[in-house]
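There are 2 protein chains.
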Amino acid sequence: MNSIRENLIALAEKSRSAAGFLVSATTGMKDAALLAAADALEKNCDLILKENARDLALSDENGVRPAMIDRLTLNRTRIEGIAESMRKVSRLPDPTGLSDGWTRPNGLYIERRRVPIGVIGIIYEARPNVTADAASLCLKSGNAVILRGGKDALYSNIAIVRVINEALASCGFPDGCVSLIESPDRAYTNELLTLDGYVDLVIPRGGKGLISAVKKNATVPVIETGAGNCHLYVHSDANIEMATNILINAKTQRPSVCNAIETLLVHRDIASSFLPVASLALKEEGHGTRLLGCPETRRILGNEIAPATEEDYMTEFDDYILAVKVVDSLEEAVEHINRYNTHHSEIIVTDSIDASRRFSTAVDAACVYTNASSRFTDGEEFGFGAEIGISTQKLHARGPMGLNELTSIKYFISGQGQVR
Amino acid sequence: MNSIRENLIALAEKSRSAAGFLVSATTGMKDAALLAAADALEKNCDLILKENARDLALSDENGVRPAMIDRLTLNRTRIEGIAESMRKVSRLPDPTGLSDGWTRPNGLYIERRRVPIGVIGIIYEARPNVTADAASLCLKSGNAVILRGGKDALYSNIAIVRVINEALASCGFPDGCVSLIESPDRAYTNELLTLDGYVDLVIPRGGKGLISAVKKNATVPVIETGAGNCHLYVHSDANIEMATNILINAKTQRPSVCNAIETLLVHRDIASSFLPVASLALKEEGHGTRLLGCPETRRILGNEIAPATEEDYMTEFDDYILAVKVVDSLEEAVEHINRYNTHHSEIIVTDSIDASRRFSTAVDAACVYTNASSRFTDGEEFGFGAEIGISTQKLHARGPMGLNELTSIKYFISGQGQVR
Numbered sequence: 000m001n002s003i004r005e006n007l008i009a010l011a012e013k014s015r016s017a018a019g020f021l022v023s024a025t026t027g028m029k030d031a032a033l034l035a036a037a038d039a040l041e042k043n044c045d046l047i048l049k050e051n052a053r054d055l056a057l058s059d060e061n062g063v064r065p066a067m068i069d070r071l072t073l074n075r076t077r078i079e080g081i082a083e084s085m086r087k088v089s090r091l092p093d094p095t096g097l098s099d100g101w102t103r104p105n106g107l108y109i110e111r112r113r114v115p116i117g118v119i120g121i122i123y124e125a126r127p128n129v130t131a132d133a134a135s136l137c138l139k140s141g142n143a144v145i146l147r148g149g150k151d152a153l154y155s156n157i158a159i160v161r162v163i164n165e166a167l168a169s170c171g172f173p174d175g176c177v178s179l180i181e182s183p184d185r186a187y188t189n190e191l192l193t194l195d196g197y198v199d200l201v202i203p204r205g206g207k208g209l210i211s212a213v214k215k216n217a218t219v220p221v222i223e224t225g226a227g228n229c230h231l232y233v234h235s236d237a238n239i240e241m242a243t244n245i246l247i248n249a250k251t252q253r254p255s256v257c258n259a260i261e262t263l264l265v266h267r268d269i270a271s272s273f274l275p276v277a278s279l280a281l282k283e284e285g286h287g288t289r290l291l292g293c294p295e296t297r298r299i300l301g302n303e304i305a306p307a308t309e310e311d312y313m314t315e316f317d318d319y320i321l322a323v324k325v326v327d328s329l330e331e332a333v334e335h336i337n338r339y340n341t342h343h344s345e346i347i348v349t350d351s352i353d354a355s356r357r358f359s360t361a362v363d364a365a366c367v368y369t370n371a372s373s374r375f376t377d378g379e380e381f382g383f384g385a386e387i388g389i390s391t392q393k394l395h396a397r398g399p400m401g402l403n404e405l406t407s408i409k410y411f412i413s414g415q416g417q418v419r
Numbered sequence: 000m001n002s003i004r005e006n007l008i009a010l011a012e013k014s015r016s017a018a019g020f021l022v023s024a025t026t027g028m029k030d031a032a033l034l035a036a037a038d039a040l041e042k043n044c045d046l047i048l049k050e051n052a053r054d055l056a057l058s059d060e061n062g063v064r065p066a067m068i069d070r071l072t073l074n075r076t077r078i079e080g081i082a083e084s085m086r087k088v089s090r091l092p093d094p095t096g097l098s099d100g101w102t103r104p105n106g107l108y109i110e111r112r113r114v115p116i117g118v119i120g121i122i123y124e125a126r127p128n129v130t131a132d133a134a135s136l137c138l139k140s141g142n143a144v145i146l147r148g149g150k151d152a153l154y155s156n157i158a159i160v161r162v163i164n165e166a167l168a169s170c171g172f173p174d175g176c177v178s179l180i181e182s183p184d185r186a187y188t189n190e191l192l193t194l195d196g197y198v199d200l201v202i203p204r205g206g207k208g209l210i211s212a213v214k215k216n217a218t219v220p221v222i223e224t225g226a227g228n229c230h231l232y233v234h235s236d237a238n239i240e241m242a243t244n245i246l247i248n249a250k251t252q253r254p255s256v257c258n259a260i261e262t263l264l265v266h267r268d269i270a271s272s273f274l275p276v277a278s279l280a281l282k283e284e285g286h287g288t289r290l291l292g293c294p295e296t297r298r299i300l301g302n303e304i305a306p307a308t309e310e311d312y313m314t315e316f317d318d319y320i321l322a323v324k325v326v327d328s329l330e331e332a333v334e335h336i337n338r339y340n341t342h343h344s345e346i347i348v349t350d351s352i353d354a355s356r357r358f359s360t361a362v363d364a365a366c367v368y369t370n371a372s373s374r375f376t377d378g379e380e381f382g383f384g385a386e387i388g389i390s391t392q393k394l395h396a397r398g399p400m401g402l403n404e405l406t407s408i409k410y411f412i413s414g415q416g417q418v419r
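Chains as they are written, first to last, in numbering that gives the first Met the number 0: chain B, 0 to 419; chain Y, 0 to 419.
If we strip away everything but chain B, and leave its shape as in the complex, we get:
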């Protein structure tokens, strides 16, 4: 066994033991610890900003892109925001506890309870607010967490986790409830992904590259999150104004996020009236969204629009780029979506209940919207109060994951000596 694995196992053994404490911690204890940690973050604002400045200086030296530098930057307001998020999690209902229970004819009483999963690994990229967010959601749901942040935010993350841990200790919580892998060595990530028996679940939060690397290398259970090749389908009977508003919002309000759309599918019967309106609206909206069109789209909008390739339909642009395709039927739209999508969020705009039902049933995705923007696929927007990620898989969790999705179930059966 290499020394990196040994170090990580030593860390994970503390996590397991902390998980044993957290499973019996009361809601009141957990909430008090969250509030103490929030206060401590605000009180230690200067310390955290000093460490954040080290990360920023190094990133600047290393030529990190400005957009990344912005995501990495903390200030007093952002730290207060992080603390406020922790307080908000403390006010959410505890997801653990009795789910349901029933008595069998032989008198056995079967209780099904939601329980913490145990030890959860979270692998994420630059933003240091994820450190506190992930810690508070895991803590509230009674899980010990092992955090693996990006190396660009290392000093900030170390500072945040130390401050949180001091607060937890002052509330009587043992070491290991919140841990951070403090070495930037990438080998730690791979070891974390194969820590069967110590880690119950790994959740990657980040770009496509991170998620597929985690999926490929993990032997512990993983929840796949995030990748979003989402579509808007405009049916033949769509309200053109509504379809245009939704298009503008779903494509341009924040193109870098997973619930933004990448491809517009338009029914042939409405294409020649809708596409010119949509194209003009995108132009007026001012972000210079570039269209890539199928032959019929180019016939309608003109050949200055570049042709869309097979490759384009597969791409999550995360940018002001939109592929456009005219389809002959709702069924063709569904077929296109099920071929290229990442099972995240899909939209139909239609006035027809039947079209909405057929589309929603047949499309293979976590969230299917009728007459609304896919930008609502989000734990807060769904009313879950918080979000640890958006699952694009079908097992355990699908769609926005809140506190409930960080729990498992366990059966507690009591009898008076029953045998079979």
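Any given hint might turn out to be false.
Note that the list lumps identical chains together, so a pair holds whenever it fits in one copy or between two copies.
[As the list claims (entries may be wrong)] Derived pair list, reagent style DMTMM-like, types lysine to aspartate or glutamate, alpha-carbon separation capped at 25 angstroms:
1) Lys215 / Glu5
2) Lys42 / Asp236
3) Lys150 / Asp353
4) Lys42 / Glu310
5) Lys215 / Asp317
Calculated directly from the structure, the hints in this document are not laboratory data.
Following the hints, position chain Y against chain B.
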């Protein structure tokens, strides 16, 4: 791509297309198909028995063990039993449909529905009744199924699946709802386990070897089932008669199954009064259960009892063998269990509410029993009406899996043009 993979993809493409049909099939249609299949199995009893006779003759030639031959053998009564099970599944509630729904302040209506998972692969061993059971549970929950049975039951399985498919076709169901891999070539199993994009879930049903091979080779999602290294802990205040009854039942009523116990843990304060009673009861019970004891057990019961090794504590004997260990405390019992168990079912016998609570909370298992036999870990016994397996993992499903566990969730969101 090899031709085995090509064949399997051709089969799985039919399954995917059938899954698209099944997701919209009504409960009435699915139930009618199950009843038609049950009738057809009874009507074609002679044909099935003829094919079963071929399997039996081959197994006899190949020197298959008598216990396996018994599990493989069909007769009219057993076929009627299989048909009756299908009728029973038709009477269970449909697990798909609305789960809950809520309206957000912005007017978005969010519906969470239980939906079929899609295409499920089931890999199992000799018993041909699993063929019909798995098919009916998948069909009722709206999933297409790809069956991979043991080669000893190949002719029986082919006959059963053909009869079921004729019945499904007569009810207007397309090809591919129920498929069987008809080649005994083992390469098919490995290809099935890596059919990402075609197969949504694989469930192995069988012994430890099968399950660990599936876990190791699969890239599609797997639900781990079955392995059961289960324990009975007799606390210091236990009712000795109750503890003895539960011991006899959990160890000897059917030692080959996963919910039988393998190790007895006894609190030091009750060991010298309980162990002689338990040992005598096991003798009188007549199966010649062999004890393997820790030093304290051997001090109490005598050195004719063989010493228990570390290896023994790790072993699922599936036989009339019982490891016995005296522990100093409930905490030591929990520690032993969490070190050696397979997260299946664990028992405490105690009169103390506090001891029950501490044990049940701390033990890491799907099912924890207080004062009852672990033999009740079973979908039927839990009241689920049927069972596809017992999950020993924490994600998606834990404990007995019924129809609900063969579904995922999907969000249906409807609006009036909402954007963010």
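Tell me, in ascending order, the numbers of any earlier hints that this structure violates. 2, 3 and 4
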